[in-house]
Amino acid sequence: MAESGTLRFALNGQPVTARCPDERILLDLLREDLRLTGTKRGCDLGTCGCCTVLVDGRPTLSCLTLARLAAGRSVTTIEGVGPPQRLSAVQRAFVEHGATQCGFCTPGFVLTATALLRENRAPSREEIERAISGNLCRCTGYLAIVRAIEAAARAEA
Amino acid sequence: MHLDPFELHRPTSVDETVRLAGELAGRFDYLAGGTDLLPNYKMHINLRPHLVALEDVGELAGHSEGRLGAMCRLADLERDRDLAATWPALGEAVAEVATPLVRASGTVGGNLLVETRCFFFNQSYFWRASLGFCLKADGDRCHVVPQKETCYATFSGDLAPALLVADAEVEVAGAGGRRRMPLGELYDLAGDGIRRVRLAPGELLVAVHLPAAARGRQGRYLKLRVRPAYDFPELGVAVAGRWQPDGRVRELRLAVGGAEPHPRRFDELTAPLDGERLDDARRRELGEEVARRVRPVHNTFLLPDYRRKMIAVYVRRALADAEARAAG
Chain A
0 MAESGTLRFA LNGQPVTARC PDERILLDLL REDLRLTGTK RGCDLGTCGC CTVLVDGRPT
60 LSCLTLARLA AGRSVTTIEG VGPPQRLSAV QRAFVEHGAT QCGFCTPGFV LTATALLREN
120 RAPSREEIER AISGNLCRCT GYLAIVRAIE AAARAEA
Chain B
0 MHLDPFELHR PTSVDETVRL AGELAGRFDY LAGGTDLLPN YKMHINLRPH LVALEDVGEL
60 AGHSEGRLGA MCRLADLERD RDLAATWPAL GEAVAEVATP LVRASGTVGG NLLVETRCFF
120 FNQSYFWRAS LGFCLKADGD RCHVVPQKET CYATFSGDLA PALLVADAEV EVAGAGGRRR
180 MPLGELYDLA GDGIRRVRLA PGELLVAVHL PAAARGRQGR YLKLRVRPAY DFPELGVAVA
240 GRWQPDGRVR ELRLAVGGAE PHPRRFDELT APLDGERLDD ARRRELGEEV ARRVRPVHNT
300 FLLPDYRRKM IAVYVRRALA DAEARAAG
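Protein sequences, first through last, are from chains A and B. Its first residue numbered 0, the first sequence is counted upward by one per residue in numbering that gives the first Met the number 0. Its first residue numbered 0, the second sequence is counted upward by one per residue in numbering that gives the first Met the number 0.
Take the hints with a grain of salt, since some may be wrong.
As the list claims (entries may be wrong) - Going by beta-carbon spacing under 10 Å, a handful of chain B positions derived as facing chain A:
id, residue
1, Leu37
2, Lys41
3, Ala103
4, Asp187
5, Asp191
Hints are computed from structural coordinates only; laboratory data are not their basis. Built from N, CA and C at the ideal position, the CB exists for glycine as well.
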């Protein structure tokens, strides 16, 4: 039988303990229980990529992940990527290239791009376009986002 | 979106999983990657009071030469360049499933057993309640082909056609022990569309086995969809074979998914072509013959007549592409 009640995992490098029923979705736990609202709820069905977080370094749709399956794992949200005064290379590149307009999709794109650059330090444009093909942006037309990720790759090289 | 309460179970071995399935008979779903099941749960489709999560069952994880664990993540298969080189149609099919984010969680077993899709079914509870429920969930009639016996929802996995042309076998475990069968026998072509696979209640898909004898066949998978970045297949055509230097083809296989409630292979059409040279006229003829045997219905985004016409086109293209690749 599943143990009910308490969930322990690492969130942005810090140990976290939360009360968590079995059916709790990771996105809901992050936004509603832990009040980390940087992770966005878009479609809530896995189509848009806005809710992307990293679980043990892998980009993961938090809207389609049971929170209890994060037990003992390491979860990174946009709040853990870089504090406002020390943005990560990806975040800086998004600012510098105007890759953000309304900003709603940005946390998901930043997490997806962060995971991509960890796995592939010098992705081609095609590899970048492929990697972000599960993240929807209704504002930018994507070009600025692709350029920002290219710039972040150069900056981290 | 909050889910209705259920109890989550996390077995760590196949034996424990099968035992649990027996205890919870009829009151549970297996949870693999969750990318198909959880959207359906969010829409209140066929909820069960228990979920049995498979991700801690070590035997189901990962892949190796000739064996794909049922819980092998699609993204991990996609990264394996050797796999794509040895099984070209499979490599292409894996890379075409949904998006990279879905593939990061989505699994081999989940894709083979993905719930069939229909636009009267994959809708919110409110939407379905407004029209009247269908026999696949909560109701007793089909809105696509009006009658009360058969569900025509479309099989929408990409891996099955590619694995069918690789002569793949599936290994399943249940209360009665383990058994292996050709992948084609997993799908119940004579079923009512609700019962879609020949698995006993609680029986668990453990792994897919790729036979050494089929290694290195040339192949191609072509997928029809509206948004190439995301959609389920409106049609998937897989071919494989060995094209010899003189252009004659051996071991030709052809399978279609995304068009009917089951994926299926067309050995009765490809076997007579063994040792033949396929020119464009032969490829066209074969494509049209396949299209005559497949009957899409109006339950996905694209019209059935168009999907059917595209079967002939994709069969022709897939065969031409595979042969061109074989010629190097």
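Hint check:
1. Leu37: Cβ of Leu37/B sits 5 Å from chain A, so the hint holds.
2. Lys41: Since the shortest Cβ distance to chain A is 7 Å, the answer is holds.
3. Ala103: holds (6 Å)
4. Asp187: violated (28 Å)
5. Asp191: violated (28 Å)
Hint violations for this structure: numbers 4 and 5, all remaining hints satisfied.
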